[in-house]
Amino acid sequence: MRVIVDGDLCTGHGRCYALAPDVFGPDDYGHCTVVTQATGDGTVALSFEAQARVGRDSCPERAITITD
Amino acid sequence: MTTEHEATAGEVPGLGFTNVDPETSARPQQFYPMMREMGVVPVEDMMLLTRHEDVMWALRHPDVFSSSMDAIDIGNVRPLIPLQIDPPDHVKFRRLLDPLFAPREMEKLEADVRRLVTELIDGFVERGECEFNSAVAIPLPCTVFLRLMGLPLEDLDLFLRFKDGIIRPAASDMAEGRAMARATGQEIYAYFEDVIAKRREHPEDDLLSGFIAAEIDGERLTTEDILDISYLFLLAGLDTVTASLGCAVSYLAQHPDRQQMLRDDPTKVPAAVEELLRWETPVPGVIRAAVGDVEIGGTTIPAGKTVTCLLASANTDESEFPDPELVDFDRAANRHLAFGAGLHRCLGSHLARLEMRVALEELHRRVPAYSIKAGETPIYTMGIRGVEYLPLVWDTP
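Chains A and B, in that order, give the protein sequences.
The numbers in the working numbering rise by one with no breaks, and the one at position 46 of the first sequence is 46.
The numbers in the working numbering rise by one with no breaks, and the one at position 185 of the second sequence is 185.
Simulated from the structure, these hints should not be mistaken for lab results.
Since the model is a prediction, treat every value here as computed from it, not as a measurement.
There's no promise every hint is true.
Covered stretches of chain A (in silico footprint by chain B; criterion: 3 or more residues with CB under 8 Å from a CB of chain B, positions within the stretch not fixed) [to be verified]: (1) 4 to 17; (2) 25 to 36; (3) 58 to 68.
What follows is a list of derived Cβ distance ranges for each label pair [claimed, not checked]: (4) Glu-44(B) to Arg-2(A): 18 to 28 Å; (5) Ile-4(A) to Arg-27(B): 33 to 43 Å; (6) Arg-127(B) to Asp-27(A): 39 to 49 Å; (7) Gly-39(B) to Ile-4(A): 55 to 65 Å; (8) Asp-89(B) to Arg-2(A): 34 to 44 Å; (9) Thr-377(B) to Thr-36(A): 51 to 61 Å; (10) Asp-45(B) to Thr-36(A): 47 to 57 Å; (11) Lys-108(B) to Arg-2(A): 27 to 37 Å.
Backbone N, C-alpha and C define an ideal beta-carbon position, used for all residues, glycine too.
If we strip away everything but chain A, and leave its shape as in the complex, we get (with noise of 0.2 Å):
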């Protein structure tokens, strides 16, 4: 599983980080950025995918996709 932000609809709601911390946070302005150490290359790791699904699904933007 891959996950793609879309900084165009990103506008710093901030549901994603907060509800999946360890798959997103935040930039200093607020906006969202896929965490590092659950993704490394932009993979997630099996443990977070269910995580990283609820960040997606909570964005009022749509502005987070997820492939496999």
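Keeping the supplied structure of chain A fixed, place chain B upon it in accordance with the hints.
Okay, now just chain B, sitting in the frame of chain A:
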């Protein structure tokens, strides 16, 4: 259809609607399904977007739906920053302001907010009753705001008068309301002009001093820029959290099962805050102006038309929220638009969330099962959906 049209037209802050019947203002949610059926609903001289899809589209296309001064008049003489700034300038201001209100920054305020909530609850918990609006919902956000801005707490009453003078002027018609808002607006500019001048002389550790020192692309903000930011903060930061707290606690007072959930399991509070924001949507609509002719939801909106994006209706749209009438603290995906969406997403949303979470945590930790006082009825306001009278009672040992 008259009733709900009057009700929804009241989303416009500053219009001072007073003739809406109490049942309509208590439960506006009942009208939204019918309005979504209609799609784009014409009301007086504006159009309401009621479907989630249409609201999202409008909020994401600032080139089509402008948030400039054409959209709404709230007593100001220049565009409010950043609300009434369209791209490309908008992002410059948000790059400056976003870090100041990011969740990490807000976390630093938590202990202070909790102390304040604790003091407020200390003041009434043993009495077995309170009027929640005056006891918590008004003083909490107003005190937090004054501290953030570095303004004296003695000015609290002045600030309440300022924001009420704009948001709900005691006027008999719209023209009078606008005139009163404009007069209050002048007082707000004068107040902040004076404070900004003082901070230029003697900087302090507060937001206003921060704005004076801040630079965008190597240039300092002008006094006018800082006035236009402060004016918006005053209007956006006080009333909205007061309203949100009132709506949440009024709901919980009338739904003892949900209330008990938060008492039994405080870890549910953050999700409850989100779900109550979805269901109540205290800022029911945000206003835009159509830049050109545009077709949306099968309706053509002519250039220059004022459009209200009805967030409250989008937040109960069954196409986005399964079982939308159910207030479910375990709702799986809650992509509510209570803080808007797109580039004008509420700057203060993380502060609002902090204040609501801490208030609900402490309230349910300290106050036993509470309900609406017998024989009394909460009084909801139109425009910003708040509860201006919320009498609560509970048993005392």
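Against the structure, the hints come out as follows:
Counting residues of the segment 4 to 17 of chain A whose CB falls under 8 Å from any CB of chain B gives 6; the rule of at least 3 is met. By the rule of at least three residues with a Cβ nearer than 8 Å to a Cβ of chain B, the coverage given for the segment 25 to 36 of chain A holds, with 5 such residues. For the segment 58 to 68 of chain A, the proposed coverage by chain B is satisfied: 5 residues have a C-beta within less than 8 Å of a C-beta in that chain, meeting the threshold of three. Range check, Glu-44(B) to Arg-2(A): Cβ separation about 49 Å, and the 18 to 28 Å hint is violated.
For Ile-4(A) and Arg-27(B), the Cβ-Cβ distance of about 41 Å falls inside the hinted range of 33 to 43 Å, so the restraint holds. A beta carbon spacing of about 46 Å between Arg-127(B) and Asp-27(A) agrees with the range 39 to 49 Å that was offered as a hint. About 33 Å separates the C-beta atoms of Gly-39(B) and Ile-4(A), a value inconsistent with the hinted range of 55 to 65 Å. Roughly 35 Å separates the CB atoms of Asp-89(B) and Arg-2(A), a value that falls within the hinted 34 to 44 Å.
In this structure the supplied range 51 to 61 Å holds for Thr-377(B) paired with Thr-36(A), their Cβ-Cβ distance being about 54 Å. Look at Asp-45(B) against Thr-36(A): about 52 Å separates their beta carbons, and that is inside 47 to 57 Å. Between Lys-108(B) and Arg-2(A) the beta carbon distance is about 34 Å. The supplied range of 27 to 37 Å therefore holds.
Hints 4, 7 from the earlier list are contradicted by this structure; the remaining hints agree with it.
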